[in-house]
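Asker: Sequence:
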Amino acid sequence: MDTRSVPQSEALSWSHDVAASVSRTFAITIDLLDDPMSSYVCVGYLLCRIPDTIEDASHIPGPEKARLLARYDAALDPDDPTTARSFRDAAVAFEPEAPEAPADWAVVRQAPRVFDAYDSFDAEVRAAMRPPARELVCGMREYADRAPDGGLRIRSGDDLAEYCYYVAGTVGHLVTNLVALDVPPTAAAYLRERATSFGALLQLVNISKDVHDDYRSEGSVFLPRTWLADEGVPQDEVLSPTHRAGARAVVARVIDRARSHREAAGEWLRRLDAERGADTAAWALPYLLAVATLRELDGDIERTFTDEPVKVSREEVMALIEACTAENPDLDALRRRVADGPFHA
Numbered sequence: 001m002d003t004r005s006v007p008q009s010e011a012l013s014w015s016h017d018v019a020a021s022v023s024r025t026f027a028i029t030i031d032l033l034d035d036p037m038s039s040y041v042c043v044g045y046l047l048c049r050i051p052d053t054i055e056d057a058s059h060i061p062g063p064e065k066a067r068l069l070a071r072y073d074a075a076l077d078p079d080d081p082t083t084a085r086s087f088r089d090a091a092v093a094f095e096p097e098a099p100e101a102p103a104d105w106a107v108v109r110q111a112p113r114v115f116d117a118y119d120s121f122d123a124e125v126r127a128a129m130r131p132p133a134r135e136l137v138c139g140m141r142e143y144a145d146r147a148p149d150g151g152l153r154i155r156s157g158d159d160l161a162e163y164c165y166y167v168a169g170t171v172g173h174l175v176t177n178l179v180a181l182d183v184p185p186t187a188a189a190y191l192r193e194r195a196t197s198f199g200a201l202l203q204l205v206n207i208s209k210d211v212h213d214d215y216r217s218e219g220s221v222f223l224p225r226t227w228l229a230d231e232g233v234p235q236d237e238v239l240s241p242t243h244r245a246g247a248r249a250v251v252a253r254v255i256d257r258a259r260s261h262r263e264a265a266g267e268w269l270r271r272l273d274a275e276r277g278a279d280t281a282a283w284a285l286p287y288l289l290a291v292a293t294l295r296e297l298d299g300d301i302e303r304t305f306t307d308e309p310v311k312v313s314r315e316e317v318m319a320l321i322e323a324c325t326a327e328n329p330d331l332d333a334l335r336r337r338v339a340d341g342p343f344h345a
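Residues in the sequence shown are numbered consecutively from 1, following this note's numbering.
These are computed hints drawn from the structure, not numbers from a lab. Fair warning: this is a prediction, and the values are worked out from it, not measured in the lab. Where hints are given, some of them may not hold.
Unchecked claim - Listed next, with one range per pair, are the computed distances between beta-carbon atoms:
no. : residue 1 : residue 2 : range
1   : A249      : S86       : 42 to 50 Å
2   : T242      : D17       : 44 to 52 Å
3   : P309      : V92       : 28 to 36 Å
4   : L181      : S156      : 33 to 41 Å
5   : A249      : R295      : 17 to 25 Å
6   : P96       : D230      : 30 to 38 Å
7   : D89       : E263      : 40 to 48 Å
8   : R67       : E315      : 42 to 50 Å
9   : E302      : R85       : 42 to 50 Å
10  : D89       : D182      : 31 to 39 Å
11  : D17       : E95       : 16 to 24 Å
Cβ atoms here follow ideal geometry from the backbone N, Cα and C, with glycine treated the same way.
Make the full structure from the sequences, and use the hints.
Answerer: Structure, rendered in structure tokens:
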């Protein structure tokens with residue numbers, strides 16, 4: 001049991017309030033956690049969301065993104081004098097007049113508040129969060145350097161794996177580091193071996209369902225160039241109806257890769273349940289939503305190339321929340337039911 005307490009500050013209260021405006025789905029995960037873990041994960045999520053907003057900004061040239069991300073990493077470094085305010089001041093110069101994601105840019109503007117909430121945590125908690133957060137930022141910086149004109153192009157299957165590690169596997173490790181503060185070393189080692197798969201599963205599902213949105217809103221193509229070339233699809237023509245059959249085949253490969261992480265992600269979740277049952281519902285929900293989204297993609301892969309997003313119904317989300325929060329949920333049985341068809345309580 002976590003016996004730490006978190007001083008309730010204005011910055012921490014604001015962090016909880018703003019999380020829901022940034023991501024309703026992740027806000028549910030935060031709400032399903034007990035404090036102090038709820039606060040740790042909330043602030044950790046916002047710490048990662050800020051650089052993600054910079055990375056996603058197609059209007060910022062790659063070299064400028066890299067410089068902003070370097071400044072943000074320096075602000076996270078306790079031995080560097082760079083402050084969150086200096087990052088904020090540099091970043092807001094690039095805020096669009098009418099951003100497509102206004103809540104995300106609101107968090108960028110309030111970066112000092114997020115850092116104030118982070119600084120309110122015990123030293124060991126900050127030390128658990130800092131390395132994966134900084135690794136995420138450094139990875140994003142490397143990819144920004146590769147995309148001088150804004151849009152990112154993934155080169156190969158190995159490149160896809162590396163990208164997913166930096167933007168999502170690191171988040172799995174951040175959560176695992178927090179859990180590891182209160183579980184035996186053997187359990188912590190088991191979870192760390194599988195943390196990357198938990199994050200990669202969620203990221204690969206997002207890549208599979210968001211092909212149209214990623215290209216139109218960010219100018220990015222996360223379907224590997226070599227895989228597209230195998231199907232005769234130029235990467236810049238990934239949405240062209242002329243190449244639809246080949247592009248579908250590549251999305252199917254990404255879906256297969258997502259499924260290859262499903263078992264290890266499930267093992268991570270089951271061990272978490274054994275060690276910290278109170279946290280299970282919070283992380284079972286995104287896992288089961290990923291399984292449900294894969295099912296929806298199987299039924300209509302064509303929608304990933306359109307402006308009609310592939311998504312799980314609100315009714316199913318609510319039913320899954322109810323199932324996850326029931327006493328002693330059977331996670332394997334839930335996964336099988338969700339994979340077979342829309343879940344209803």
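Asker: Now tell me, hint by hint, if it's right for this structure.
Answerer: Verification of the supplied hints:
Look at A249 against S86: about 47 Å separates their beta carbons, and that is inside 42 to 50 Å. Restraint check, T242 to D17: a C-beta distance of roughly 47 Å satisfies the suggested window 44 to 52 Å. Checked against the hint of 28 to 36 Å, the pair P309 and V92 passes, with Cβ atoms roughly 29 Å apart. Evaluation of the 33 to 41 Å hint for L181 and S156 yields a pass: the beta carbon distance comes to about 37 Å.
Separation of A249 from R295 is about 19 Å and conforms to the stated range, judged on CB atoms against 17 to 25 Å. At roughly 37 Å, the beta-carbon separation of P96 and D230 lies within the given 30 to 38 Å, and the hint holds. Look at D89 against E263: about 46 Å separates their beta carbons, and that is inside 40 to 48 Å. For R67 paired with E315, a C-beta distance near 45 Å keeps the hint of 42 to 50 Å intact.
The beta-carbon spacing between E302 and R85, approximately 47 Å, falls within the hinted interval of 42 to 50 Å. The hint said 31 to 39 Å for the Cβ distance between D89 and D182, and at roughly 38 Å that hint holds. Checked against the given bound of 16 to 24 Å, the beta carbons of D17 and E95, roughly 21 Å apart, stay inside it.
Checked against the numbered hints given earlier, the structure satisfies every one of them.
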